[in-house]
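Throw the hints in and build the complete structure from the sequences for me.
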Amino acid sequence: MTVNVIFFGALIDAAGTNKTEVKNVSDCDSLKSKILVDYPELNNYKFLIALHNQVVKDNLKLNEGDTVALLPPFAGG
Amino acid sequence: MLSTEEINRYNRHILLPEIGIEGQRKLKHSSILIIGAGGLGCPALQYLTAAGIGTIGIVDFDKVEETNLQRQILYTIDDIGKPKVDCAIHRLSRLNPFVNFIPYNLQLTNANAINIIKNYDIIIDGSDNFVTRYLVNDACVLLNKPLVYGSIYKFEGQVSVFNFSENGDDKGPTYRCLFPNPPAPESSPSCSEIGVLGTLPGIIGTLQANDAIKICIGIGEVLSGQLSIINALTMQFYTIAFERNKNLFDTAPSTLEEFVNFDYSLFCSATKPKNVNEITSDELNDLINNKRNAIQIIDIRSINEEPILNTLKEIQIPFEEIVENRGKINAEKKVIVICKLGIRSAIAIQLLEKNSSLTNLYNLKGGVTEWIKKYKP
Numbered sequence: 469m470t471v472n473v474i475f476f477g478a479l480i481d482a483a484g485t486n487k488t489e490v491k492n493v494s495d496c497d498s499l500k501s502k503i504l505v506d507y508p509e510l511n512n513y514k515f516l517i518a519l520h521n522q523v524v525k526d527n528l529k530l531n532e533g534d535t536v537a538l539l540p541p542f543a544g545g
Numbered sequence: 225m226l227s228t229e230e231i232n233r234y235n236r237h238i239l240l241p242e243i244g245i246e247g248q249r250k251l252k253h254s255s256i257l258i259i260g261a262g263g264l265g266c267p268a269l270q271y272l273t274a275a276g277i278g279t280i281g282i283v284d285f286d287k288v289e290e291t292n293l294q295r296q297i298l299y300t301i302d303d304i305g306k307p308k309v310d311c312a313i314h315r316l317s318r319l320n321p322f323v324n325f326i327p328y329n330l331q332l333t334n335a336n337a338i339n340i341i342k343n344y345d346i347i348i349d350g351s352d353n354f355v356t357r358y359l360v361n362d363a364c365v366l367l368n369k370p371l372v373y374g375s376i377y378k379f380e381g382q383v384s385v386f387n388f389s390e391n392g393d394d395k396g397p398t399y400r401c402l403f404p405n406p407p408a409p410e411s412s413p414s415c416s417e418i419g420v421l422g423t424l425p426g427i428i429g430t431l432q433a434n435d436a437i438k439i440c441i442g443i444g445e446v447l448s449g450q451l452s453i454i455n456a457l458t459m460q461f462y463t464i465a466f467e468r469n470k471n472l473f474d475t476a477p478s479t480l481e482e483f484v485n486f487d488y489s490l491f492c493s494a495t496k497p498k499n500v501n502e503i504t505s506d507e508l509n510d511l512i513n514n515k516r517n518a519i520q521i522i523d524i525r526s527i528n529e530e531p532i533l534n535t536l537k538e539i540q541i542p543f544e545e546i547v548e549n550r551g552k553i554n555a556e557k558k559v560i561v562i563c564k565l566g567i568r569s570a571i572a573i574q575l576l577e578k579n580s581s582l583t584n585l586y587n588l589k590g591g592v593t594e595w596i597k598k599y600k601p
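Protein chains in written order, with the numbering used here: chain A, 469 to 545; chain B, 225 to 601.
These are calculated hints, taken from the structure and not from any lab test.
The reader is advised that the hints may include incorrect statements.
Under 10 Å between C-beta atoms, here's a sample of chain B residues computed to sit facing chain A [what the hints assert, rightly or not]: (1) Asn405; (2) Ala408; (3) Ser412; (4) Gly442; (5) Glu467.
Cβ atoms here follow ideal geometry from the backbone N, Cα and C, with glycine treated the same way.
As structure tokens, then:
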């Protein structure tokens, strides 16, 4: 199963890309673990996870082709 | 009541059935506080002034710099070196003399925030640091004020409306519901460190003014419980929904008294202090009396943070700006970094050591609190 991941803000710089595909993950927790292994720089960042345009609070199941967004806070003004 | 001159001035609003004379009167009877007259604050101020908001308060303690002019289009070359609030009001009064402006040429702290924010119907956050953002959010929650949030990073902006309720319904989610904890300072560089596309704050600040106007009049859909993300490089617009999370209010101040005592600088410095060089109050006193010229004292507390100590007065660089202002730190002398309790200063030293080659930094153990016990009558 493949899930699309899009990065925002400083995560784009940290990951070196604005999107990626992650295979063999079934839920949000396993996706997050996999991402942090693939992009260890992201361990230094706080971010929230959004699925289907909704902030994820629980460990939701993922389906083939889902798009997950990783959003960091930033404070510029 | 609107005068004949005002009815003519606001003609294009009044023509809209959604606004009309009644909507324009609501704008005139509204008061909005803009926190930060920078990239986001400038466009928000220009549109809200033009729209005929009755009273607009502006909080900013900065002076206009040449590097601001690339995006803060309220200012001109004649304004460089002058306080932003004064320049802004001078210019905006020419745009619309029917607006009453109130300047606050100060840094917003938990000591002064409540007395300022309580006077306004709507608050717009155009600040540039996490300390102010959490502080403003918590103050708005305690005072029941809607908070129009905007934030920018390079080519990307976020907009939302926090703590909003329509017709007295339940309050909408807040900044803490979205981001319960601030990031480590080293993973969130500011515009001055990393750059920002000039038009981006123009877009985001204008969207903030847009939602503030809708709230004043009571029309349309407000971005409550929604975070809009705009990428000016790819022109992708992305909106996500989020909910109020009551559990998160446990970590926030729940009374005005708790708010005043909440250490926002510490809360926003996620890193815990590790081992840094230390100096005791006794050792510092000895240095002040015998080798004053061999040391430099840097106070990293907020501007106006009590108590003000003349003996320790030398250079003040607020914690949030310490890395950016590392050039002001003497590389030859023994540098003593001080704060209230010696925790923020230890973190500041860590950040400085990581971001510079300085090795001459010493933390005052126990901070000024410990110092006062011994050396202030």
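Evaluation of the provided hints:
no.	hint	result
1	Asn405	holds, 6 Å
2	Ala408	holds, 7 Å
3	Ser412	holds, 6 Å
4	Gly442	violated, 26 Å
5	Glu467	holds, 7 Å
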